[in-house]
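Chains A and B are the protein sequences, given in the same order. If you read the first sequence in the numbering used here, its first letter stands for residue 1, the second for the next number, and so on. If you read the second sequence in the numbering used here, its first letter stands for residue 114, the second for the next number, and so on.
Just so you know, the hints here were simulated from the structure itself, not pulled from any lab data. As the structure is a prediction and not an experimental result, all values here were calculated from the model. Note that beta-carbon positions come from the ideal geometry of N, C-alpha and C, so glycine has one too.
As a list, the in silico DSS-like pairs of lysine-lysine whose alpha-carbon atoms are at most 27 Å apart:
1. B:155 <-> A:18
2. B:150 <-> B:169
3. A:65 <-> A:17
4. B:150 <-> A:57
5. A:57 <-> A:71
6. A:65 <-> B:216
7. B:155 <-> A:65
8. B:155 <-> A:57
Sample of chain A residues lacking proximity to chain B, with all beta carbon distances greater than 12 Å (derived):
9. 1
10. 14
11. 52
12. 69
13. 70
The calculated label-pair distances, taken between Cβ atoms and stated as ranges, are:
14. B:155 <-> A:53: 27 to 37 Å
15. B:181 <-> A:16: 45 to 55 Å
16. A:28 <-> B:172: 22 to 32 Å
17. A:111 <-> B:221: 20 to 30 Å
One letter stands for each residue in the lines below.
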Amino acid sequence: EAQVTQNPRYLITVTGKKLTVTCSQNMNHEYMSWYRQDPGLGLRQIYYSMNVEVTDKGDVPEGYKVSRKEKRNFPLILESPSPNQTSLYFCASSFNQKVDTQYFGPGTRLTVL
Amino acid sequence: GESVGLHLPTLSVQEGDNSIINCAYSNSASDYFIWYKQESGKGPQFIIDIRSNMDKRQGQRVTVLLNKTVKHLSLQIAATQPGDSAVYFCAEWQAGTALIFGKGTTLSVSS
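Whenever a hint applies, use it, and build me the whole structure from the sequences.
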């Protein structure tokens with residue numbers, strides 16, 4: 001089954017404790033992206049990657065890092081989480097930047113205390 | 114900053130009615146637009162898209178209209194069903210890389 005998986009689905013942590021949210025897709029997609037979704041603000045792009053070892057900033061990259069060492073995985077790293085990073089995070093992937101076939105993961109709800 | 118927005122945060126309709134969800138965009142250089150549906154507890158799901166060289170595109174029970182003159186996008190859902198209840202987002206594709214989402218309209222369908 002074609003899918004994008006994220007782990008964990010729910011996470012509560014404390015300020016400053018480094019964390020990683022994993023994202024994996026099994027569709028051999030080149031393009032992957034991370035979004036955060038906040039009430040009243042909709043979905044905002046954090047980082048995206050057009051291929052292995054190619055990453056770029058989206059609209060709200062501050063406080064986040066990503067890596068793309070292999071095609072299927074695109075982890076989101078919060079080196080020192082802060083309460084304003086409490087949000088719902090979605091990973092998405094698509095083939096050759098064709099966003100019409102962009103698949104979204106199920107989401108990760110992160111709370112930073 | 115946010116360049117895509119929706120006119121109404123909520124829309125309530127009766128089952129069987131036609132629904133129209135609107136979206137305004139600000140970047141005249143955007144050349145690709147998408148509508149997504151997001152059900153509670155799930156990620157956004159692609160509904161329909163349209164390119165800037167078109168003004169109308171139809172899918173199954175859905176139609177997207179694009180008016181480039183006033184930079185307006187709309188999603189029409191025919192014979193709305195309770196299963197259509199969700200949050201609907203328009204998204205604007207800029208420069209081939211950044212996908213900018215609007216804030217969303219919550220559609221509630223009552224039977």
